[in-house]
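Q: Residue strings, one per chain:
Protein chains: 2
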Amino acid sequence: MKTDRADILACLRESEDYVSGQQLCDRLGVSRTAVWKVINQLKEEGYLIESASRRGYRLVESPADVYSESEIASRLHTKWAGKKLHFFEVTGSTNPDAKRFAEEGALHGTTVVADRQTAGRGRRGRSWESSAGTSIYFTIVLRPKFSPDKASMVTLVMALAVAEAISEVTGLDTGIKWPNDIVVNGKKVVGILTELSTMPEMNEIQFLVAGVGVNVNQNSAEEFSEEIRKTATSLRIESGKSVFRAALLERILSRFEEDYEIFEQTLDMSVLRERYEARLAGRDAGVQVLDPSGAYAGVSRGITDTGELVVEKENGERVLVYAGEVSVRGLYGYV
Amino acid sequence: MKTDRADILACLRESEDYVSGQQLCDRLGVSRTAVWKVINQLKEEGYLIESASRRGYRLVESPADVYSESEIASRLHTKWAGKKLHFFEVTGSTNPDAKRFAEEGALHGTTVVADRQTAGRGRRGRSWESSAGTSIYFTIVLRPKFSPDKASMVTLVMALAVAEAISEVTGLDTGIKWPNDIVVNGKKVVGILTELSTMPEMNEIQFLVAGVGVNVNQNSAEEFSEEIRKTATSLRIESGKSVFRAALLERILSRFEEDYEIFEQTLDMSVLRERYEARLAGRDAGVQVLDPSGAYAGVSRGITDTGELVVEKENGERVLVYAGEVSVRGLYGYV
Numbered sequence: 003m004k005t006d007r008a009d010i011l012a013c014l015r016e017s018e019d020y021v022s023g024q025q026l027c028d029r030l031g032v033s034r035t036a037v038w039k040v041i042n043q044l045k046e047e048g049y050l051i052e053s054a055s056r057r058g059y060r061l062v063e064s065p066a067d068v069y070s071e072s073e074i075a076s077r078l079h080t081k082w083a084g085k086k087l088h089f090f091e092v093t094g095s096t097n098p099d100a101k102r103f104a105e106e107g108a109l110h111g112t113t114v115v116a117d118r119q120t121a122g123r124g125r126r127g128r129s130w131e132s133s134a135g136t137s138i139y140f141t142i143v144l145r146p147k148f149s150p151d152k153a154s155m156v157t158l159v160m161a162l163a164v165a166e167a168i169s170e171v172t173g174l175d176t177g178i179k180w181p182n183d184i185v186v187n188g189k190k191v192v193g194i195l196t197e198l199s200t201m202p203e204m205n206e207i208q209f210l211v212a213g214v215g216v217n218v219n220q221n222s223a224e225e226f227s228e229e230i231r232k233t234a235t236s237l238r239i240e241s242g243k244s245v246f247r248a249a250l251l252e253r254i255l256s257r258f259e260e261d262y263e264i265f266e267q268t269l270d271m272s273v274l275r276e277r278y279e280a281r282l283a284g285r286d287a288g289v290q291v292l293d294p295s296g297a298y299a300g301v302s303r304g305i306t307d308t309g310e311l312v313v314e315k316e317n318g319e320r321v322l323v324y325a326g327e328v329s330v331r332g333l334y335g336y337v
Numbered sequence: 003m004k005t006d007r008a009d010i011l012a013c014l015r016e017s018e019d020y021v022s023g024q025q026l027c028d029r030l031g032v033s034r035t036a037v038w039k040v041i042n043q044l045k046e047e048g049y050l051i052e053s054a055s056r057r058g059y060r061l062v063e064s065p066a067d068v069y070s071e072s073e074i075a076s077r078l079h080t081k082w083a084g085k086k087l088h089f090f091e092v093t094g095s096t097n098p099d100a101k102r103f104a105e106e107g108a109l110h111g112t113t114v115v116a117d118r119q120t121a122g123r124g125r126r127g128r129s130w131e132s133s134a135g136t137s138i139y140f141t142i143v144l145r146p147k148f149s150p151d152k153a154s155m156v157t158l159v160m161a162l163a164v165a166e167a168i169s170e171v172t173g174l175d176t177g178i179k180w181p182n183d184i185v186v187n188g189k190k191v192v193g194i195l196t197e198l199s200t201m202p203e204m205n206e207i208q209f210l211v212a213g214v215g216v217n218v219n220q221n222s223a224e225e226f227s228e229e230i231r232k233t234a235t236s237l238r239i240e241s242g243k244s245v246f247r248a249a250l251l252e253r254i255l256s257r258f259e260e261d262y263e264i265f266e267q268t269l270d271m272s273v274l275r276e277r278y279e280a281r282l283a284g285r286d287a288g289v290q291v292l293d294p295s296g297a298y299a300g301v302s303r304g305i306t307d308t309g310e311l312v313v314e315k316e317n318g319e320r321v322l323v324y325a326g327e328v329s330v331r332g333l334y335g336y337v
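Residue numbers (my numbering), protein chains in the order written: chain X, 3 to 337; chain S, 3 to 337.
Just so you know, the hints here were simulated from the structure itself, not pulled from any lab data.
One thing to keep in mind: the hints can contain errors.
[Stated by the list, open to error] With a straight-line cut-off of 16 Å between C-alpha atoms, the simulated EDC-like cross-links for lysine to aspartate or glutamate are:
1) S:86 / S:63
2) X:152 / S:206
3) X:152 / X:263
4) X:152 / S:151
5) S:152 / X:9
6) S:315 / S:293
7) X:189 / X:240
8) X:39 / X:9
9) X:81 / X:240
10) S:152 / X:263
11) S:190 / S:151
12) X:81 / X:263
The model shown is predicted, which means the values in this text are computed figures rather than measured ones.
Same shape as in the complex, but just chain X:
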């Protein structure tokens, strides 16, 4: 039934004119009664659907920011990314959910989406703000064939896909704060958390999950906790327009699928590097590297083919910065 709903929605959305009940039946191989039931359900959920005798059905308007399994599935035309969707109105955090599905054998591309998280967290255990109806939270399960040492680059691939998708949908200029945050006007709008399960003697990845949290429709800084109010923002605050989350999620998953397949070809960032560097926050600008053995200032020059950040120190020396070892802060303009 869920698939029928998504298919019927997709048919209606893609047609500018009326779609007859018979057409829907034929295309999906279901009965007239089934079509009629789904149409009624959709109406109840707030879709404005015109029914005209002998002409059929026409989708006049979708409810504002409807965010459901059917709505998302009806938009996706990916091969594997999000092909299998698990949608939760509310969950603790989509990463643990995705890991559980992965342990139970979930296929490559399986995606967990939640409207709200109650226990989201970022790198270093920092909590990630969460409220209903305002954010995108999703985690995708990947089953790569490559070895665990390549896994950290998946975070970069995801960051690139999300940054470009946001720019495409909202027109905002997005920057990637290497390795895994996305900033708009110097403030954070996206956090990415990748986790990996391996058998150490096998040098094989069992599965990898990449979780993404996007601040989308928060109206004002007051919707963020005090802890992050100065450093976080939302797409709506920055663009002045609310964003249809299902459409943005579709763009993210679609771009990620494409970029991930490019990455898989070479197992490095060589092909994607130029696009990544074009969005690198603070590129050719000052950064402060908080190395456990001492902080130093420098200028961020780009990334290597294997994903390390290249920082040029004041004395001209070029240093490769490995994620996890350090925290990089912008000296000007970003957090």
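Chain X is fixed; fit chain S onto it per the hints.
A: Coordinates of chain S only, in the frame set by chain X:
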């Protein structure tokens, strides 16, 4: 209540003479009624406990191979290994259970024990035989501070602890089939499966689980599936005596705790290597290395400080064999 049971059992076991009800109350800070209830429960489970008025209680005999949370906990004197126990009569497999507990925040040393597994598996997804009352299945959760590249050595540390514990308890001569199997008289009695959860950009381990399956009290080869009948055996088959599983598990956890702390000091096998090599199956004997790029024969000479197998080829060249890349078979005497 569970802790009371374990404590009362431990008191009774450690005393050769009667222990008065009052002594038990004082030591555990519980009421006479609570002690009385526990004693009755233990009797119902098959413990033979003598009660004599004015003298107290005396443990005459434990039921044959009693295997329960209380029985195991009452024997453990470790600092962290198995300090928190989850005992299941039956489960799919203790590794996924342990990973679930770890995701939910289980402490270092938390151990899942099952009397029976319905979905056990080894490296390369091979299934591991399972029936009630005959085997030890446990998985320990570790939260190491070291980086993921050290994790494969934990398998070696566990193999050493298990091999020595079995020899101590049964008198059998155990060999370690590098990296993660234990053999007796050329047949497999133990399999170990280590799994790791990391955040790839952080170069940190979130948790590691090490799962162990031991064939203990199988009576005859017929109890193994045909697939493994020729290559598997049990401690009972080889020693001619049944083994009290809770006592063996105690020795394993205790030895593992000790060896793991030694390993943690240097983060390599330098201190444990000699003991490991003394048990290395096929040492100075022929092995066949099934390398994906071609099989070759050689003589196993030992391990390196970082846990690789050293194989001397026929032309005298010494090769380091990394686990996961190859499968090593004995030419003579072990599988």
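Q: Give a verdict on every hint.
A: Here is how each hint holds up against the structure:
About 26 Å separates the Cα atoms of residue 86 (chain S) and residue 63 (chain S), which puts this hinted pair outside 16 Å; it is violated. Note on residue 152 (chain X) and residue 206 (chain S): the hinted pairing holds, with a Cα-Cα distance of about 15 Å set against a maximum of 16 Å. A distance of roughly 14 Å separates the Cα atoms of residue 152 (chain X) and residue 263 (chain X); the hinted pair therefore holds under the 16 Å criterion. Of the supplied pair hints, the one linking residue 152 (chain X) and residue 151 (chain S) holds, its CA atoms being roughly 13 Å apart against a limit of 16 Å.
For the hint pairing residue 152 (chain S) with residue 9 (chain X), the CA-to-CA distance comes to about 49 Å; that exceeds 16 Å, so the pair is violated. Restraint check: the Cα-Cα separation between residue 315 (chain S) and residue 293 (chain S) comes to about 13 Å, which is no more than 16 Å; the hinted pair holds. Of the supplied pair hints, the one linking residue 189 (chain X) and residue 240 (chain X) holds, its CA atoms being roughly 10 Å apart against a limit of 16 Å. Taking the CA atoms of residue 39 (chain X) and residue 9 (chain X), the gap is near 14 Å; set against the 16 Å cutoff, the hint holds.
For the suggested pair residue 81 (chain X) and residue 240 (chain X), the alpha carbons sit about 32 Å apart, so the restraint of at most 16 Å is broken. Distance restraint check for residue 152 (chain S) and residue 263 (chain X): the Cα-Cα separation of roughly 30 Å exceeds the 16 Å cut-off, and the hinted pair is therefore not satisfied. Note on residue 190 (chain S) and residue 151 (chain S): the hinted pairing is violated, with a Cα-Cα distance of about 27 Å set against a maximum of 16 Å. For the suggested pair residue 81 (chain X) and residue 263 (chain X), the alpha carbons sit about 11 Å apart, so the restraint of at most 16 Å is met.
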